[in-house]
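Whenever a hint applies, use it, and build me the whole structure from the sequences.
Number of protein chains: 2
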Amino acid sequence: MVSEPSRSAVKRERVRDYLMELVESCAPGDPIPSERTLCEQLGVSRPTLRSAVDELVTTGLLVREHGRGMFVARAKITQELAPGPDAYRLPQASGSWASKVLEFTTVQAGARVGRRLHISPAAEITYIARLRLVDDEPMAIEYLHVPAALVPGLRPEDMESGDFYDFLRERHGVRVREAVQSIEPTVTNEEEARLIGVPVLSPALLFERLTKDSTGRPVEYVHSVYRGDRYRIVSRLALGDTVPATPLSAAQHHPGIPPGDLASRREVLTTGDVQPGS
Amino acid sequence: MVSEPSRSAVKRERVRDYLMELVESCAPGDPIPSERTLCEQLGVSRPTLRSAVDELVTTGLLVREHGRGMFVARAKITQELAPGPDAYRLPQASGSWASKVLEFTTVQAGARVGRRLHISPAAEITYIARLRLVDDEPMAIEYLHVPAALVPGLRPEDMESGDFYDFLRERHGVRVREAVQSIEPTVTNEEEARLIGVPVLSPALLFERLTKDSTGRPVEYVHSVYRGDRYRIVSRLALGDTVPATPLSAAQHHPGIPPGDLASRREVLTTGDVQPGS
DNA sequence: AAGTGGTCTAGACCACCTG
DNA sequence: AGGTGGTCTAGACCACTTC
Chain A
237 MVSEPSRSAV KRERVRDYLM ELVESCAPGD PIPSERTLCE QLGVSRPTLR SAVDELVTTG
297 LLVREHGRGM FVARAKITQE LAPGPDAYRL PQASGSWASK VLEFTTVQAG ARVGRRLHIS
357 PAAEITYIAR LRLVDDEPMA IEYLHVPAAL VPGLRPEDME SGDFYDFLRE RHGVRVREAV
417 QSIEPTVTNE EEARLIGVPV LSPALLFERL TKDSTGRPVE YVHSVYRGDR YRIVSRLALG
477 DTVPATPLSA AQHHPGIPPG DLASRREVLT TGDVQPGS
Chain B
237 MVSEPSRSAV KRERVRDYLM ELVESCAPGD PIPSERTLCE QLGVSRPTLR SAVDELVTTG
297 LLVREHGRGM FVARAKITQE LAPGPDAYRL PQASGSWASK VLEFTTVQAG ARVGRRLHIS
357 PAAEITYIAR LRLVDDEPMA IEYLHVPAAL VPGLRPEDME SGDFYDFLRE RHGVRVREAV
417 QSIEPTVTNE EEARLIGVPV LSPALLFERL TKDSTGRPVE YVHSVYRGDR YRIVSRLALG
477 DTVPATPLSA AQHHPGIPPG DLASRREVLT TGDVQPGS
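Each protein sequence line maps, in turn, to chains A and B.
Every number in the working numbering is 236 more than the matching position in the first sequence, counting from 1.
Every number in the working numbering is 236 more than the matching position in the second sequence, counting from 1.
Remember, identical chains collapse to one label, so a pair may be satisfied in a single copy or spanning two.
Calculated cross-link-like contacts (lysine to aspartate or glutamate; reagent style DMTMM-like; alpha-carbon spacing at most 25 Å):
(1) LYS247 with GLU427
(2) LYS336 with GLU444
(3) LYS336 with ASP394
(4) LYS247 with GLU426
(5) LYS448 with GLU406
(6) LYS336 with ASP399
(7) LYS336 with GLU427
(8) LYS247 with GLU271
(9) LYS448 with ASP399
(10) LYS247 with ASP290
(11) LYS336 with ASP402
(12) LYS336 with ASP372
In case anyone wonders, no lab produced these hints; they're calculated from the structure.
What you are looking at is a predicted structure, and each value in this text was computed from that prediction instead of being measured.
Structure, rendered in structure tokens:
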């Protein structure tokens, strides 16, 4: 828009903008012309065309199907927060969650996991990789690490139904109390992409969590990757300054929840739920 | 690893794996050989080499500098949750936040924003685009939409210092009370990439927030994009089942905060803070 | 068999940075 | 001037899907 060195910008951008308009004039699921056809129409080479398409695929506007063609994506990656007049009502719990255990072994903790769980690197842990499904569609891949001594006799089936924390309490007398969790954006690698059914380098959320029991002992270290096109975090924040602003530290900024100017005095009321994609 | 149709997989993967090993054997900031040199060493064409490098740049392992060369990235995108024995202590507020107003205009709300703010599409809003900086490094780009009637006489300078919510209360008698916020992973587009200083298609977090005052009237709609390589959400979760498990709905799953099996009975204790990148 | 997307090549030109 | 990354081309072969 602003005066740029070159007038016509890069071809890729011109092609991408053309495609974006094309997509907007189509209904979700509609097929669009083939790569070779588009190349001819737009007067660009196939790598150039493909590079522009790559961007729209990563952004979530287009999907490719080998041997079939390209289609307008069904669920836009950036969906409306909530349509209609009742906007901003928190979405209800939706979809039925299930799990599928992909791997279940006992291995030595190793340096990294041992340090996290506060156990010896040589101590044994139960390592579980499981797919998390919503309405039978893959939503996330989760890697759990639990000290083996804590869960003797744990079976893969135990990880496919019910609440793991309930299970820990009822079967092993372990009462979880607190967890520290981090969330960061990432893009999928080959393995993750294959398992959760999205293209490589798609936007995703990386969670890491360390959970401790009532005695402060670490009981699980979890690493999981959630697909970005169907998963979203919604939270409801209380901002009232009813509390006389316990001055934690004047110029603090707590972005985890509200990345605005909210200095202190706010508290989380409720955490929302999944908004299924399509 | 597993038996694949073709033995050698794609060249891109072979090149990428070679580069990843190369990166691991280097210190952060170290230069790596030029694209043309690597092409010759690996026996691939330049587009193929570049495609592999693209992946590592998106992943945050490499950085390119036009005319200078390629370097091992300083801050790894997936950093340790917390090093050392005191792991999992929540990071303290770090860095000094500042803002730089890039755009400040009064415009008509339009259909989308009007609907969100519950005002007429023809009503005027103050539209503010501002860069959020931490230690003078760009961290996020934020787009605010505030009904103009609520903040008569607001000046750009007012948005560059202090807490906006404090300002609303003291200068305009508006007391914010609650907000609904969504967080989703995304990738940067050209504009966002340029403004926050990362490559196009880098992982990022997209926030949307609607804030209401004590009378339930919407006072701001904010859309912001945080860079993924320097920003992370850390939260501390209370999982104790002290509450007799108010059964909201048996098989519910609330991933927004703890994407494990936490059915109900959990509550957010504290929200963490920024972990500065390098 | 014919069309589609997936991958790769060899070479070209440009813009940028460093001597 | 010479190296670096940034972009683009024309053409080739493969794998997959449909008819």
